[in-house]
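Q: Listed here are the chains, written in short residue letters.
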Amino acid sequence: MAASPFTAPAIVAVTLATVAIGVYGLRLARTTSDFLVASRSVSPAWNAAAIGGEYLSAASFLGVAGLILKHGVDVLWYPVGFAAGYLALLLFVAAPLRRSGAFTLPDFCEARLRSRRLRKLATAFVIFIGLLYLVPQMQGAGLTVSTVTDAPYELGALLVGAVVTANVALGGMRSITFVQAFQYWLKLTALAVPAVFLALQWQSDGRPAVTPPEGMTFVRETTVVVEHAATFTFPDGSTEEVRPGEALTFLAGTPVPEVSGVASTGGSDWLLPGDDSGDRGLFATYSLILATFLGTMGLPHVLVRFYTNPDGTAARRTTLVVLGLVGMFYLFPTLYGALGRIYTPQLLLTGQTDAVVLLLPGAVLGGGLAGQLLAALVAAGAFAAFLSSSSGLLTSVAGVISTDVLGRGSVRDFRVGAVAAGMMALVLALNVSGLDVSRVVGLAFAVAASSFCPLLVLGIWWRGLTDVGAAAGILVGGGAAVTAVLVTVLGPPLSGWGGVLVAQPAAWSVPLAFSVMIAVSLGTRARAPVDVGRTMLRLHAPDALRM
Amino acid sequence: MTAPPASPARVRVVLAEAARQRAALGSARAELAEQTQVGDALVRGLVRAQLGLALRLSFVVVVGLGGLPLLFAVARAVARAPVLGVKLPWLLLGVAAYPFLLAVGFAYLRLAERNEQDFTALVQRPER
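These protein sequence lines are chains A and B, in that order. Under the numbering used here, the first residue of the first sequence is numbered 1, with each subsequent residue one higher. Under the numbering used here, the first residue of the second sequence is numbered 1, with each subsequent residue one higher.
Any given hint could be a false lead.
[To be verified] What the simulated footprint calls covered on chain A by chain B, stretch by stretch (three residues with Cβ under 8 Å from a Cβ of chain B suffice, anywhere in the stretch; the number is not a length):
hint : region
1    : 85-97
2    : 284-290
3    : 310-318
4    : 329-337
[Said to hold, decoys possible] Restraint-style ranges between C-beta atoms, simulated for each label pair:
hint : chain 1 : residue 1 : chain 2 : residue 2 : range
5    : B       : 44        : A       : 431       : 49 to 55 Å
6    : B       : 44        : A       : 170       : 46 to 52 Å
7    : B       : 60        : A       : 538       : 27 to 33 Å
8    : B       : 52        : A       : 487       : 35 to 41 Å
9    : A       : 439       : B       : 41        : 46 to 52 Å
10   : A       : 496       : B       : 96        : 31 to 37 Å
11   : B       : 48        : A       : 431       : 50 to 56 Å
12   : A       : 206       : B       : 82        : 17 to 23 Å
13   : A       : 439       : B       : 71        : 25 to 31 Å
No lab work stands behind these hints, which were simulated from the structure alone. No residue lacks a Cβ here, since even glycine has one placed at the ideal position from N, Cα and C.
Excised from the complex, chain A in its bound form (with noise of 0.2 Å):
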């Protein structure tokens, strides 16, 4: 594909506002308090623009397009369900969290349970988690990179995690909430405006059927360049074998083969919900829906934004607009991933299906001006998830780093932080490039379910949870969830029932997190902290009372 000439004027642009701002955020962040904090001065839109902004990261850019575009309506449950996440945080932990004054994760374990051993356990998860997010976005950085200019994957991982490093290290939280929020209307714009043209223009080509009954063809003359060796089987029964570099050139209105290698579901099955697997589709599903209801009040980065409000009204104000901010952006990608499926089906022959976003306004509009500068908008937006995601990640991974490894939590401590954390991120992100964006986000969500998401439910809401209890719901859920994730990256593809049990684990993670803390809690009643009455009223009672 010719890259669009404005392409990389406007990535330099996005980067370099996002620069600008954090320059301006840094003039305004004198004490210690403003560059941790934002001195609690951020009001409730911009608070809400801010975390929707951290947020949508490269998986919900690109890769849940891509998801929808490769296996169908199964997969709306991603967006679905980052959605409904804010929901699960805005009933059970918003206001109370926000009362407790705990900053970070680690915060709310000593604030709870006053103990030191749990709050180093929580800094373990909240590191791993946080690499475990940061590394995806910057791989999407290379990949945008490498699929809309000419530059090789590592130009792109290498620009996000200096950029974002140096963001981190120098403005703090003070200018992250000002990029953040302008960010979050940028990446709005971003996929709403193309999409506009997107749907005019498919009108206009006469509705063509997203599925049509003869199987899918190509609209155009395409030529595809194959990555890896595949065999493809075209409708008529013939296969070819193809070798990766070879260029095949397939005609307007030829049928579009099957590939072997490349899971994808084809014809009406991806019209329709569940698969030939049955129960265990039904059981993956119920398990992705598990992971994301309840694993974003784990995420470490979206907690240390409810610090930022004034209290916990506004914090549960805050939650609402940022539902409603991330829903209205999630109405965009199925659009772009059922539009890929007739514009450029040549992704599933290359297995690239992250890359619809990036390619689709190329491929419905033609190189005139209108697709090029829509490319260029795309594109922009794609970089504004990776900046944006990544400096919240960093922040958050860095706070914690400054406060329970380096010691002090001062201001020098968070920029070294934010620098080491910045440069492992980034070694594993250049070492690892074939994971898929929004599977290994998934597996986040899953850790985060089974880990925190327990603590903070069972924290706010029962009195009779101990620090041993809890600890040891963390070791064996989250470390359950943590090993599964370790099998699907680096171990060897499993199939049948055991493959679904580790590669979507939160249905049976989650449960035995939540057991084994009641459990170890109720076993080890005496330890549980004397003033869970005056912590309980602290985190309950309304704002207005001051209590």
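We have chain A; now place chain B onto it with these hints.
A: The following block gives chain B in isolation, referenced to the frame of chain A:
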């Protein structure tokens, strides 16, 4: 000159009354702050009310959204029903799910704030 016989010369009584009133006003707060049995019962009641509200609303979501995969799996005809030219699951998951979540969230916000107002009114009510 003589003073009018009915004029109240001292205002000390008023101050004392105000002070006593303030003590009465603050007594439920004091029960809370000092963790007496009454205060503890008040907090337990509030926590139970808020948790009950959160659980009831999450039940609405569990039935409304969580039931869909099962429904699609059991009643295949529902999954194939076209609405507005789109298959029903696409419309439900791609569009309708988000306003539904927002509506549940809005209901929670209103009801949770009402619970808190009731609690505040109870605590600040003068005991007379």
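Q: For every hint, state whether the structure bears it out.
A: Hint by hint, here is what the structure shows:
1. 85-97: Holds: 7 residues of the region 85-97 of chain A have a Cβ under 8 Å from chain B.
2. 284-290: It holds, with 3 qualifying residues against the three required.
3. 310-318: holds (count 3)
4. 329-337: holds (count 3)
5. 44/B - 431/A: 49 to 55 Å: 53 Å, holds
6. 44/B - 170/A: 46 to 52 Å: Roughly 47 Å apart at Cβ, these two residues keep to the hinted range, so it holds.
7. 60/B - 538/A: 27 to 33 Å: Check passed, 29 Å falls within 27 to 33 Å.
8. 52/B - 487/A: 35 to 41 Å: 40 Å, holds
9. 439/A - 41/B: 46 to 52 Å: Distance hint for residue 439/A, residue 41/B holds at roughly 49 Å.
10. 496/A - 96/B: 31 to 37 Å: 34 Å, holds
11. 48/B - 431/A: 50 to 56 Å: 51 Å, holds
12. 206/A - 82/B: 17 to 23 Å: Because 19 Å falls inside the window, the suggested range holds.
13. 439/A - 71/B: 25 to 31 Å: 26 Å, holds
When held up to the earlier numbered hints, the structure conflicts with none and fits them all.
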